[in-house]
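2 protein chains.
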Amino acid sequence: MSEPRVLVLDDDPRPRLDRLTGRAQVAYVDEAALAERLPTADVLLVWNFLSDAVRDAWPGPGARPRWVHTASAGVDRLLSSPELAASETVVTNARGVFDQPIAEYVAGLVLALAKDFRGTWELQRQRRWRHRETFRLGGTRAVVVGSGPIGRAIGRTLKALGVTVTLVGRTERPGDPEFDTVRAIGSLPGLLPEADWVVCVAPLTEESVGLFDHRAFGLMRPDAHFINVGRGQHVVEDDLMDALLAHRLAGAALDVFAQEPLPSDSRLWDVPNLLISPHMSGDTVGWRNDLADQFCDNFDRWVADEPLFNVVDKSLGYVPTGSG
Amino acid sequence: MSEPRVLVLDDDPRPRLDRLTGRAQVAYVDEAALAERLPTADVLLVWNFLSDAVRDAWPGPGARPRWVHTASAGVDRLLSSPELAASETVVTNARGVFDQPIAEYVAGLVLALAKDFRGTWELQRQRRWRHRETFRLGGTRAVVVGSGPIGRAIGRTLKALGVTVTLVGRTERPGDPEFDTVRAIGSLPGLLPEADWVVCVAPLTEESVGLFDHRAFGLMRPDAHFINVGRGQHVVEDDLMDALLAHRLAGAALDVFAQEPLPSDSRLWDVPNLLISPHMSGDTVGWRNDLADQFCDNFDRWVADEPLFNVVDKSLGYVPTGSG
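Respectively, the protein sequence lines represent chains U and X.
All residue numbers for the first sequence refer to the working numbering, where the first residue is 1 and numbers rise by one.
All residue numbers for the second sequence refer to the working numbering, where the first residue is 1001 and numbers rise by one.
Label pairs and their calculated CB-CB ranges:
(1) X/Asp1223 / U/Ala35: 41 to 47 Å
(2) X/Gly1119 / U/Leu191: 30 to 36 Å
(3) U/Pro263 / X/Arg1019: 54 to 60 Å
(4) X/Arg1221 / U/Asp290: 19 to 25 Å
(5) U/Ala63 / X/Arg1248: 57 to 63 Å
(6) X/Glu1178 / U/Thr164: 21 to 27 Å
(7) U/Pro307 / X/Arg1248: 46 to 52 Å
(8) U/Asn289 / X/Lys1159: 24 to 30 Å
(9) X/Arg1248 / U/Asp290: 25 to 31 Å
(10) U/Pro263 / X/Pro1189: 48 to 54 Å
(11) U/Val285 / X/His1214: 26 to 32 Å
Selected chain X positions facing chain U (in silico; Cβ < 8 Å):
(12) Leu1161
(13) Pro1278
(14) Val1285
In short, the hints are calculated from the structure, not lab data.
We put the beta carbon where it would ideally sit given N, CA and C, even for glycine.
Chain U with its partners taken away, still in its complex shape:
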């Protein structure tokens, strides 16, 4: 067997793929050259996971990569290509790499909101000493929408901080060893009024687009907070902005946006009780190496003709819980 041809949709910095030396023909392409090179590749590594180029470049019937790996947890951009979604090409993702970093990030956001850190550092900038009372996290209640490994890691971390956590997934799953009954997404309207914290970390699917709109925010309490580390399209941003400006919601933190980078003229930047971060919740030092290593691990399986891990169920839009 000749060396498999691995095509990398490029991004700066490039992945460390030393482990593939002598075992694969690795080529790097930019978005413009992708369409031309794709039909000759055996494997596509979507290293620039913020690109929509695969959707535009995916070849019609005929030659195409048999395996596509994306260096992201979300596969919504990839599966926006109906041809790729319908093909026999196996899609794998970066499930696992981001679990603990994102859980830490969300715990930090929850504590920052409870303790009003931004207010404190705004006062520091003004050299003003103003004591305030803050909120105690212990004893509050969180609803985490997304019951995959990242949602579970978030839930576990919040529980360790004394928060009562309800996980919400696509379907109801009773008897979860850590979270009792994982609730179905249809139960969300009944859960929102009880929540102090609502965290969105769901995969983006047709069902979850626009899940957090004026109805959802209207069901939340005025002293509750909303956090999105899923995808920008989960949130109707204007509805969130309205709820925050009208104080029908105490505060929110967004790490993801419908348009990224968030345009500098977006009105979101200025909403007083909204914390904005630039899609970085999972990106801790070394993350790129972790992502490259994970691809190489799966490549080892591929050349050995063993089943790949993190195989996405393309009809669901994510790796089902319990699969390898």
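Given chain U's structure and the hints, the job is docking chain X onto it.
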């Protein structure tokens, strides 16, 4: 027995002492009137725990309150009166009320430093999208100086976030059920070079004044962070400022200061990698009621002639671990 005379060193808002109605003669005094009223009181409640008035007003030999309760965890201000320290008056404190709130606050600060939240919100103010890599908390190491209930709660919370925690107390205590060996303060120089996080929550005593000086900061790693929620006098502020400005320390957060409120012309406000908050780490909504309730609980014991809880060992300067 006539109703005991309870004198309250006043602060705004006053404590809720409804439970004492009909059981005590409660009188409120300001700092100026304290000296005159003190000799006629049976019990002194130091509600304004930031005041130094007790030291100045404490009566010489003769009549004096037999019990002083301070609505704070630290008793350094009270015991700065040598006459009170040497007297037979029982001193009790607010041990317990602040444990969980301060633990949450410190966990929030650690996460805010690891994830550079202040940098993110400074960029938000400038409407700038700038992705950065942040630090992962799991797998890092913390040294918590202070092994009382607040230090233990901090240690427990950081452990739950995946941090390896070493507690440091006055003396070595092997076999701690949660923290293995609690190390003696004399071991600190050997522990500092290993720490990613150094948290000070010690009681302020003669031994701990100025504990964190240029020598201590010199032993810490340039990528380490320092957090003080103990007392401002634990830290030589100029030495910390020098270490931060020279990048011999990655960052710090101070909730307490040698002079409070921190004067508006202090140079500390502007140190770029220093987070400043106005002595509020333990003050969550309802804290004043918790403090008043705790005093009333101890008052119930006092009138029943039962042993008080949270009795301060005045030679140590805190309530010894294991005491009621």
